[in-house]
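Line by line, the protein sequences give chains A and B. Mapping the first sequence onto the numbering used here, position 151 (from 1) lands on 151, and the numbers just tick up by one. Mapping the second sequence onto the numbering used here, position 77 (from 1) lands on 77, and the numbers just tick up by one.
Fair warning: there could be bad hints in the mix.
Claimed, not checked - Cross-link-like lysine-lysine pairs, in silico, DSS-like; alpha carbons within 30 Å at most:
no., chain 1, residue 1, chain 2, residue 2
1, B, Lys43, A, Lys219
2, A, Lys432, A, Lys350
3, A, Lys43, A, Lys431
4, A, Lys286, A, Lys56
5, A, Lys210, A, Lys439
6, A, Lys56, B, Lys43
7, B, Lys339, A, Lys350
8, B, Lys257, B, Lys118
9, A, Lys432, B, Lys203
10, A, Lys43, A, Lys286
11, B, Lys203, A, Lys431
12, A, Lys56, A, Lys43
13, B, Lys118, B, Lys203
14, A, Lys354, A, Lys262
15, A, Lys350, A, Lys218
16, B, Lys203, A, Lys56
17, A, Lys286, A, Lys262
18, A, Lys439, A, Lys219
19, A, Lys432, B, Lys118
20, A, Lys43, B, Lys339
21, B, Lys43, A, Lys432
22, B, Lys203, B, Lys43
23, B, Lys203, A, Lys439
24, A, Lys431, B, Lys339
25, A, Lys56, B, Lys339
26, A, Lys56, B, Lys118
No wet-lab data here; the hints were simulated from the structure.
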Amino acid sequence: MDTEILARIQFAFTVAFHYIYPPLSIGLGLIMVFFEGMYLKTKSRHYEVLTRFWLKIFAITFGIGVATGIIMEFEFGTNWAVYSRFVGDIFGSALAAEGLFAFGLESAFLGILLFGWNRVSPRVHFISTIGVFLGSMFSAVWIVVANSWQQTPAGYHIVGEGFNARAEVTDFWAMVFNPSSVDRIIHVWQGAFLAGAFLVLSVHAYYLLKGQYVALSKKAFKVALLLATVIALSQLFSGHSSADGVAVNQPAKLAAMEGHYKASAPADLYVLGWVDNETQEVTGIKVPGGLSFLVHQDFDAPITGLNAFPKEDRPGQVNAVFQFYHIMIAIGMFLIALTLYASFLWWTGKLFEKRWLLKIFAFAVVLPQIANQAGWFAAEMGRQPWIVYGHLRTDQGFSQAVSANQILFSLILFLVVYSFLFLLFIYFINKKIMHGPYKEAENPNQVIQHV
Amino acid sequence: MEYFLGIDYPTLWYLVVGLLFSGYAILEGFDYGAGMWHIFFRKDLSRRIAINAIGPIWDANQVWFIIGAGALFAGFPVMYATMLSAMYLPFMVFLVLLILRSSAIKFRSAEPMLWWRKTWDIIYFTANLLISFLLGVVLANILQGIEIGENYRYSGGIFLSFLNPYAILVGLTTISLFMTQGAIFLLLKTEGRLYTRITFLLKRGMVFFIFSFAATSIYTFVHLPGVIDKFKEYPISFLVPVLAFLAVANVPRLAAKKKYGHALIFSSLTMAFLLMLVAIQLYPVLLPSSINPIYSVTIYNAASSMKSLEIMLTIVVIGAPLLAGYFLFLYRTFQGKVKLDDTSY
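Here chain A stands alone, though its shape is the one from the complex (with noise of 0.2 Å):
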């Protein structure tokens, strides 16, 4: 294989297994907020012992976050060197802002929220709680604005031709709100919250359905149901308008996304599908017109279709694309219904009364997390084959310097570390809530105190 598909599949890998963890920190961290805050505000031990329990599992999460995170900061220098020549400009002043601003703010209270209980106050320590939170959300700004304007440069001018060719900012609030940068922001951090927010509802309908810290349980799981379904609503809505985006500044993904060729012809919606590139042709479920009438209120509008583009300017991967995007929309479909559904249920008393529906909540748990994935995968596939939109290709892009083989021992260095730290994850967090929130031999109320 050569340099930059090694390349490419090392920083899909590397990146996707990383992406683990930050969603999780960021709704595990907004769910310990509340926790904590519920605590101070009521006193109520429940919430006491609810904190100090996801606090074991957030600090796992966080801690394989911030390992796997520190390797993406290199990669782009070691594999991607002329891409960081390229960029260098536009992504240091977000990345000086995501370091200092977001990993300081986070990694500083992160001592005192996993070691400070006894040394500072409960108010101290939830203030410090909250600054972990908001660091892990402001991560997630400065990292999706980078990304962002890789799919929609703004605020830029080039300076340079041929290889000394490289982007310059010229207006850093335009470059930081580059035209996809809000709905894409929004995005993910509701993706984030719902991955935490379904662990949360996953291990306490484990709990529930054991019979287990039932009291609790029942809380927290409230709680996050309340949380997953505002978001899984809302996400309908910053989906949509991160999709009209797609339509105005990247035509050809919201092409590649519903496999839509004709150069310009009413495109239909697939609910499922297939793509053959060669043929071009999509056999599957469809509304006719359904995507002209999500872009343009009207079914007969035309859309612009991969054909309009030259071959080389645009996704060769169409079904992977078309798949990745479908199966986002699909699970966010789902997890929609399961989520009114079980509020439906809430409002009705009747919400813990279904085994079944419980069960499902406990498998639950790894669907944001395949949303969250898919998403990425459509959205960075979809750029293809630009790295930086309209600028800077990916197969010119990579490092010049390193060889494959030399990508092909950190590939494998990465598959064996990554696959090791990975049941790592799973052993303790299982372990963690195979031990349960408190010793229930005894009785809640007398024993918190001493958890």
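Based on the hints, put chain B in the right spot on chain A.
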């Protein structure tokens, strides 16, 4: 070119990057050092104390490295891209070691089995040792220069060529410096028999450091003869090696008086002055080309645009006091001897 207080922006950013990496060396220096002494403690409790001495702060210390690398990417993208792609394998190994190290801290004490803890202890020690060594290797190769040609194209070896004698020597010196720093830090964090044992270990660490430091200094003068040219040009800069020497000499003196707080300050100053020496020697070059000096990466051909540097300098002016505040708060919260509790590693 834009100036602030008579200093051009790339030079200002050079100072920012230098400051960040000095902070990283000082703070992670005692973290890595404590990690290397770890294996010399026999009792499990002592090892746990050594880990928990850095437990609440190592993540924050590591942020200096993350911000430093970000600042390099931001201000000198050409340097960031050229160095990382040229030294691909050393950096990949370094990054994997960082992952193993942080896993060891988190997971070592999470299971009671002896084999589990022993395995993690070996991983932890080895990772800290090799991380420190590789930092020295990278620094030495930057000082010597690497094979960079036209368009910053690197044409040298992929791994073994970086492990030249000078690099190995600087690597060992880095290990000894971090071990000294780590032992002093642990003395501030421990008590009783462990404390007594570390006072002995510190002496060995300082002897190791002084020998490797002397060897490196002599080798540098012989091997890199141009090293004093820059200082002849600006005689005032001779102050820095003098101060570095005084700081080095002051550490054993303060350690003998058991003033470990002050000793930590002076061993930190040692690192800062040594890095300042490197910075003065290199300036305005960032990565010399051993093929031809015209291909060297300098702060001027590597810099981001003036506009971008201005934005980033503004961000630093706003962000640095915030960061300083977080750190003061964090260090104040965890000052004093280690007390293990149910949240400890």
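A quick look at each hint next to the structure:
1. Lys43/B / Lys219/A: Distance of about 43 Å is beyond 30 Å: violated.
2. Lys432/A / Lys350/A: With Cα atoms ~29 Å apart, Lys432/A and Lys350/A stay inside 30 Å; holds.
3. Lys43/A / Lys431/A: 28 Å, holds
4. Lys286/A / Lys56/A: At roughly 46 Å apart (the allowed maximum being 30 Å), Lys56/A and Lys286/A break the hint.
5. Lys210/A / Lys439/A: 15 Å, holds
6. Lys56/A / Lys43/B: 26 Å, holds
7. Lys339/B / Lys350/A: 48 Å, violated
8. Lys257/B / Lys118/B: 35 Å, violated
9. Lys432/A / Lys203/B: Violated: Lys432/A and Lys203/B sit about 42 Å apart, past 30 Å.
10. Lys43/A / Lys286/A: 53 Å, violated
11. Lys203/B / Lys431/A: 43 Å, violated
12. Lys56/A / Lys43/A: Within the cut-off at roughly 20 Å; holds.
13. Lys118/B / Lys203/B: 26 Å, holds
14. Lys354/A / Lys262/A: 48 Å, violated
15. Lys350/A / Lys218/A: 12 Å, holds
16. Lys203/B / Lys56/A: At roughly 39 Å apart (the allowed maximum being 30 Å), Lys56/A and Lys203/B break the hint.
17. Lys286/A / Lys262/A: 16 Å, holds
18. Lys439/A / Lys219/A: Roughly 18 Å between the alpha carbons, so the hint for Lys439/A and Lys219/A holds.
19. Lys432/A / Lys118/B: 22 Å, holds
20. Lys43/A / Lys339/B: 27 Å, holds
21. Lys43/B / Lys432/A: 27 Å, holds
22. Lys203/B / Lys43/B: 21 Å, holds
23. Lys203/B / Lys439/A: 47 Å, violated
24. Lys431/A / Lys339/B: 25 Å, holds
25. Lys56/A / Lys339/B: 19 Å, holds
26. Lys56/A / Lys118/B: Within the cut-off at roughly 23 Å; holds.
When the structure is compared with the earlier hints, violations turn up for hints 1, 4, 7, 8, 9, 10, 11, 14, 16 and 23 and for no others.
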